[in-house]
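**Q** So the protein sequences, as listed, match chains E and Y.
All residue numbers for the first sequence refer to this note's numbering, where the first residue is 65 and numbers rise by one.
All residue numbers for the second sequence refer to this note's numbering, where the first residue is 65 and numbers rise by one.
No lab work stands behind these hints, which were simulated from the structure alone.
Note that this is a predicted model, so its numbers are computed, not measured.
Incorrect hints may have been included.
Identical chains blur together in the list; that is why a pair holds if it fits in one copy or across any two.
Stated by the list, open to error - Lysine-lysine pairs mimicking DSSO-like chemistry, simulated, CA-CA at most 30 Å apart:
| id | residue 1 | residue 2 |
| --- | --- | --- |
| 1 | Lys101 | Lys219 |
| 2 | Lys68 | Lys184 |
| 3 | Lys226 | Lys166 |
| 4 | Lys132 | Lys219 |
| 5 | Lys108 | Lys132 |
| 6 | Lys219 | Lys193 |
| 7 | Lys199 | Lys114 |
| 8 | Lys126 | Lys184 |
| 9 | Lys132 | Lys199 |
| 10 | Lys101 | Lys173 |
There are 2 protein chains.
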Amino acid sequence: MKRKSLEHFNCSWAQAAEAVGDKWSIMIIRDAFYGVKTFSAFVKSIGIAKNILTQRLEHLQKHEIIEKRPVGLGSSRFEYCLTEKGFALFPAIIALGQWGDKWIFGEGKEPLIVVDMESKQPLEQVSVKASDGRKLSLRDITFVAGEGASENTQKTADEISKFW
Amino acid sequence: MKRKSLEHFNCSWAQAAEAVGDKWSIMIIRDAFYGVKTFSAFVKSIGIAKNILTQRLEHLQKHEIIEKRPVGLGSSRFEYCLTEKGFALFPAIIALGQWGDKWIFGEGKEPLIVVDMESKQPLEQVSVKASDGRKLSLRDITFVAGEGASENTQKTADEISKFW
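Work out the full structure, taking the sequences as your base and the hints as a guide.
**A** In structure tokens:
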């Protein structure tokens, strides 16, 4: 039997992938960043089938990334808003968009530019840094077991450290 | 007819989601970051069905994120390596893992810690910054049409600017 779910992985990427690792979820989160809140506005913006949108919104609610709340006191209409956990995807989503800007559309051909509200200038490229501020590439990092490592994760960390 | 593909979206998030927005692709890229290269090593590490792995590797090759190459001169065995475009996902993938560390496992319960090879210390949290280095939150940014904006994207940018 092969895995269909990543839920039991002792791994932050697996868990994050299980929570937001599908294209419709990424589009819903993008739209929530734009300010989209209602079911019909998501349908219009993404062009997604209603049953898929319902399923994806439920999934994002289960993972506490989106919350459903009445539009106003006593209203029977609902809106879908990012939770604090959903807001916290901000750096990952911006980094993903910058990757698409550069590697899919190319410099000077970006469809939409994210700008700082104050200066109206494009953002700095999101980058990975050491605790002392040095910019790092994939070749400058390695992985060690954390406090929450299972036996298997410990083994993976040991293998990686021998390999790198 | 509702959309099934995001390929025709004039949007970097849609294009990025189409390229890497599924959980198996995220796991394959994670593994490539660890140093995994062969088909059998991906199967073992992810516990993925071989037909899904084949399909996902082909998809990542089509999007030029992974390349397949002979293990050595004249070898009939192959390995799967990140291209420069694949390497460039580094900030997005690190940000996603840090999100999982904090919001799924929680501080002090991380399975695996990414450390800087030089200091052996955990990385800084990936963050979004203005061009002058100010740290920004979602509330500090907005979106403007870029050089590559379609008519629709231009409309979206106008709507967002009124909303924000």
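**Q** It remains to establish, for every hint, whether it holds in the given structure.
**A** Comparing the hints with the structure gives:
1. Taking the shortest alpha-carbon separations for Lys101 and Lys219, only the inter-copy value of 18 Å comes in at or below 30 Å, while the best intra-copy value is 44 Å.
2. Neither within a single protomer nor between protomers do Lys68 and Lys184 lie at most 30 Å apart by alpha-carbon distance, with minima of 44 Å and 35 Å respectively.
3. For the identical chains of this complex, Lys226 and Lys166 are inter-copy neighbours only, at 27 Å across copies versus 34 Å inside a copy, given an alpha-carbon limit of 30 Å.
4. Taking the shortest alpha-carbon separations for Lys132 and Lys219, only the inter-copy value of 27 Å comes in at or below 30 Å, while the best intra-copy value is 41 Å.
5. Within a single copy, Lys108 and Lys132 get their C-alpha atoms as close as 18 Å, which meets the 30 Å cut-off; across copies the closest is 39 Å, which misses it.
6. In the homo-oligomer, the alpha carbons of Lys219 and Lys193 lie at most 30 Å apart inside one protomer (26 Å), although the nearest pairing across protomers, at 36 Å, exceeds that limit.
7. In this assembly of identical chains, Lys199 and Lys114 lie within 30 Å of each other by CA distance neither inside one copy nor across copies; the values are 43 Å within and 37 Å between.
8. Within a single copy, Lys126 and Lys184 get their C-alpha atoms no closer than 36 Å, and across copies no closer than 36 Å, so neither meets the 30 Å cut-off.
9. Taking the closest pair of Cα atoms, Lys132 and Lys199 come within 30 Å of each other only across two copies (29 Å); inside a single copy the shortest separation is 39 Å, beyond that limit.
10. For the identical chains of this complex, Lys101 and Lys173 are intra-copy neighbours only, at 29 Å inside a copy versus 33 Å across copies, given an alpha-carbon limit of 30 Å.
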